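**Q** Each chain is listed here by its residues.
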Amino acid sequence: MNDFLKFIIKRLVAVPVTLFIITLVLYGVVMLMPREARIELYMPETRSVLPGWEERTREKIIERHHLNDSFPVQYYYWARNLFEGDWGYSPSLNKNVLPELVKRSPVTFELIFYALLFQIPLGLFAGVWSARKKDRPLDYATRFTAFIATALPEFILALILLSVFYVTMQWFPPERLSVNNHLFIQSDAYKTFTGFLTIDGLLNKRIDISLDAFRHLVLPVVTLSLAHWATLTRITRIQVLEEMKKEYITAAYARGLSEKTVIWQHAFRNALGPVLSSSAISAATLVTSVFIVEKIFNLKGVSDLVTKYGPMVPDSAAVLGFAVYSTLIVLGLMLLLDILQAIFLPQIKEDTIKNEFV
Amino acid sequence: MNSFKHYSEKLLQMSRQALSEKRIGDARRFAKKALILNHSLEEAWLILAATSTPGKSISYLQKVLKINPGNAKAEKGLAWVKAQLKDQPGKVAILPSIRAEVIASLNQSENHKTKGMVFLRRISSRWQSILALTGVLLIIFFAIAAPLLAPAVNPVGPHWFKVVCERLNCIPEPPGGASPLGTVKEFDVYHTLVWGVRQSLIFGLLTASITAFIGIVLGLVSAYFGGWLDRLIMRMCDAFFAFPIVAGVALFAQLSVQLAVSNQSQRSILMTAANKDPNFFLNLVTSTADKVPNFFLNIVMNTDPILIALILFSWMGYTRIIHSQVLQIKKEEYVKAARACGASHYRIIFKHILPNSITPAIVMATRDIGRMVVIQSSLTFIGVGSSSAWATLLNLGKNWIIGPGGNLLTRWWIYLPITLALVFFGVTWGIVGDELNHWMNPKNT
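In order, the protein sequence lines correspond to chains W and U.
So for the first sequence, my numbering puts the first residue at 2; every next one is plus one.
So for the second sequence, my numbering puts the first residue at 6; every next one is plus one.
Treat the hints as calculated values from the structure; they're not laboratory data.
This one's a predicted model, so the numbers in the text were calculated from it and none came from an experiment.
Fair warning: there could be bad hints in the mix.
[Said to hold, decoys possible] Straight-line Cα separation of at most 20 Å, EDC-like style, residue types lysine to aspartate or glutamate; simulated pairs: (1) U:Lys37 - U:Glu26; (2) U:Lys296 - W:Glu37; (3) U:Lys68 - U:Glu14; (4) U:Lys61 - U:Asp31; (5) W:Lys309 - U:Asp282; (6) U:Lys61 - U:Glu80; (7) W:Lys61 - W:Glu37; (8) U:Lys10 - U:Asp235; (9) W:Lys261 - W:Glu244; (10) W:Lys11 - U:Asp235; (11) W:Lys135 - W:Glu244; (12) W:Lys11 - U:Asp243.
[As the list claims (entries may be wrong)] Part of the chain W face toward chain U, derived, beta carbon under 10 Å: (13) Val18; (14) Ala152; (15) Phe156; (16) Val307.
We treat Cβ as the ideally placed atom computed from N, Cα and C, and that holds for glycine.
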């Protein structure tokens with residue numbers, strides 16, 4: 002338990018350090034922008050049409066946030082604001098940035114959650130199965146599917162799936178909900194608990210909403226899972242094959258254990274470490290592809306802030322907020338996968354500590 | 006492993022030299038040493054055969070035939086030796102005249118076996134390598150021959166698109182007539198397909214090489230010098246890994262648009278103009294790009310944000326891989342020896358460490374050429390950035406596939422040629438990376 006706590010604390014300490022480096026770089030880029038753009042980061046939400054109001058506010062902001070000072074001073078005031086939850090006002094959305102991000106995040110989280118839930122067991126199982134049936138038709142089929150899934154860019158896969166299963170078959174539509182359910186969740190009768198429509202539907206005793214949400218989630222989750230599933234399968238297969246060569250496996254067979262036991266209890270368990278740490282590393286790519294999938298399936302998630310009008314509209318608060326927030330999502334995801342790994346695979350944990358902090 | 010190959014080649018050369026100078030004993034010794042390092046050197050076996058008794062040379066020649074069944078010299082030699090042994094079973098040594106004949110034939114063969122021939126023969130022994138080479142040659146051919154395959158419309162500007170329909174509401178036309186692969190809105194698919202190869206190749210090479218350079222330098226510096234610099238760079242690696250590329254592209258696009266807008270006084274007027282024209286800000290950036298006085302900012306405004314973001318946020322893989330390689334090699338005896346001899350840091354890094362650690366980074370960079378282009382097109386497709394012609398065309402045509410009444414089969418020309426091109430591009434560079442890995446780093450395969 003002591004080791005476990007140490008591991009968690011070390012991971013937790015790493016998060017602010019990472020965040021500090023990233024925000025430093027981000028604000029470094031913002032410093033290259035003209036001062037006007039930086040004023041936007043602090044504009045209040047409530048505006049007045051009184052003559053001269055805007056000029057006066059701008060001057061006040063420059064003075065209050067030291068926008069004429071050097072980089073460290075400006076960074077300090079910006080980071081403090083960030084920490085206090087004031088992420089600036091977005092002119093293109095006409096709203097404050099942080100509430101908008103928070104409002105949209107359940108969509109993104111739900112998508113990531115189901116994609117991971119779908120792809121990790123599937124990837125592990127397919128990888129082990131493929132290793133067990135090495136050089137047999139099933140192995141070739143799995144490897145070929147994995148190859149196609151990695152070769153095909155996600156947005157093209159999404160296009161093809163949408164065209165077949167939505168336009169032609171009418172099975173799985175895009176967006177989050179059907180129109181009448183969407184109207185219901187905006188009414189007062191509906192209470193939001195978690196923001197996940199699939200769970201909130203059940204909590205509101207409306208199972209049809211949950212089912213409808215699941216139906217809308219099928220295509221995005223499949224698109225998102227396929228590419229990452231392929232990577233996971235390949236790594237699992239290689240690791241299991243590697244373990245199968247070792248002597249303890251021969252010894253296990255010699256003791257008369259069945260093939261199933263040897264593979265799942267011995268080889269698979271020891272192969273899991275590298276597999277899970279590689280899936281933690283791919284978290285950043287997962288989040289990037291979440292944004293791609295969100296846009297194509299018209300799910301108004303976190304990325305909506307930059308893809309709605311495109312980043313080519315002067316709105317530095319929204320873009321900077323999005324950058325910080327998506328980094329936070331990746332860090333959270335990595336931390337979560339690390340902790341899960343430490344809980345479920347205690348024997349791997351020390352190895353990970355060594356790998357991460359040499 | 007690489008150094009082994011290098012030394013065995015060198016020993017073979019020395020053996021050849023000795024043979025041509027009639028130093029038979031030296032030639033034998035060098036050939037044997039070369040064979041210890043690399044068992045599959047045909048020529049070394051031949052030299053051994055030529056310098057030993059007929060009885061022993063039979064086994065040497067048979068080894069050559071096992072490595073390369075088509076070696077004519079070995080077959081000839083074997084037939085000759087067998088004939089010799091039949092005539093005089095008690096003969097002990099090869100006659101000096103025969104020796105001279107073998108030497109002459111070896112020297113002669115050296116002349117017409119060029120490096121290119123060796124390369125081609127080795128490549129053609131693996132079908133994956135043939136595939137990789139063909140794919141790369143095809144891509145380079147399309148990239149170079151684009152003006153011949155699809156004549157450019159306007160002489161100066163970007164050539165990626167050709168307008169074939171001048172009306173206001175153009176619908177996608179099936180293949181036929183002037184456009185062999187159909188049209189999407191007002192643009193010709195074939196034209197963009199061909200020119201897109203050039204654009205993608207340039208983008209991929211540029212991003213992969215710059216990223217690899219930055220990553221390799223940082224990895225070398227951090228692992229070689231160690232200390233706080235090492236910790237800082239590795240920590241930065243972790244941090245940059247956590248940064249999604251979409252946000253980076255958005256940030257740099259924002260930077261250039263803010264710089265363009267900064268010259269204008271009334272922002273609200275700009276927004277109303279932008280509502281009328283969706284490309285308003287893009288045009289604003291291109292029109293004001295050259296007026297920015299700062300040299301660095303000028304580069305930022307004139308460069309594609311996707312390119313900048315990809316370079317800035319994907320060097321970490323190279324740094325990590327070089328870092329771990331260098332840490333291993335630093336412990337090797339020959340590095341210690343070089344240091345003991347008083348070699349400079351510069352010499353140790355560039356003569357000993359870099360040549361032995363760079364292979365995985367080169368393999369990674371090759372794979373990245375395809376990967377970067379796929380990322381570029383994905384980002385362009387969702388509207389963050391606008392630099393990939395292929396993805397722009399797909400984006401223009403997507404409503405005819407996934408919009409109401411869209412169909413995958415009857416409107417195949419909208420997406421299929423471009424999808425195939427993109428997949429081909431990505432897969433080819435992936436296979437090239439695998440093959441480079443196979444040839445340069447036999448340990449890992």
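**Q** Regarding the pair lysine 309 (chain W) and aspartate 282 (chain U), is the alpha-carbon distance no greater than 20 Å?
**A** holds (15 Å)
**Q** Given the hint that lysine 61 (chain U) pairs with aspartate 31 (chain U), does the C-alpha gap stay at or below 20 Å?
**A** holds (18 Å)
**Q** Keeping to a limit of 20 Å between CA atoms, is the pair of lysine 11 (chain W) and aspartate 243 (chain U) held or broken?
**A** holds (14 Å)
**Q** Closer than 10 Å between Cβ atoms is the bar; does valine 307 (chain W) clear it against chain U? Give me holds or violated.
**A** Holds: closest Cβ of chain U sits about 4 Å from valine 307 (chain W), inside 10 Å.
**Q** Between the alpha carbons of lysine 37 (chain U) and glutamate 26 (chain U), is the straight-line distance 20 Å or under?
**A** holds (18 Å)
**Q** Does valine 18 (chain W) pass the interface check with chain U, least Cβ-Cβ distance below 10 Å?
**A** holds (6 Å)
**Q** Please verify whether lysine 68 (chain U) and glutamate 14 (chain U) have alpha carbons no more than 20 Å apart.
**A** Given that 20 Å is the threshold and the Cα spacing comes to 19 Å, the pair holds.
**Q** Check whether the Cα positions of lysine 11 (chain W) and aspartate 235 (chain U) lie no farther apart than 20 Å.
**A** Answer holds: lysine 11 (chain W) to aspartate 235 (chain U) is near 19 Å, not above 20 Å.
**Q** Can we keep the alanine 152 (chain W) interface hint, with Cβ of chain U closer than 10 Å?
**A** holds (5 Å)
**Q** Report holds or violated for the interface hint on phenylalanine 156 (chain W), using the least CB-CB distance to chain U and a cut-off of 10 Å.
**A** With a closest approach of 5 Å, the phenylalanine 156 (chain W) hint holds.
**Q** Next pair to validate is lysine 10 (chain U) with aspartate 235 (chain U); report whether the Cα-Cα distance is within 20 Å.
**A** Answer violated: lysine 10 (chain U) to aspartate 235 (chain U) is near 32 Å, above 20 Å.
**Q** Are the Cα atoms of lysine 135 (chain W) and glutamate 244 (chain W) separated by 20 Å or less?
**A** Cα-Cα ~14 Å, so holds.
Checked against the numbered hints given earlier, this structure breaks only hint 8.
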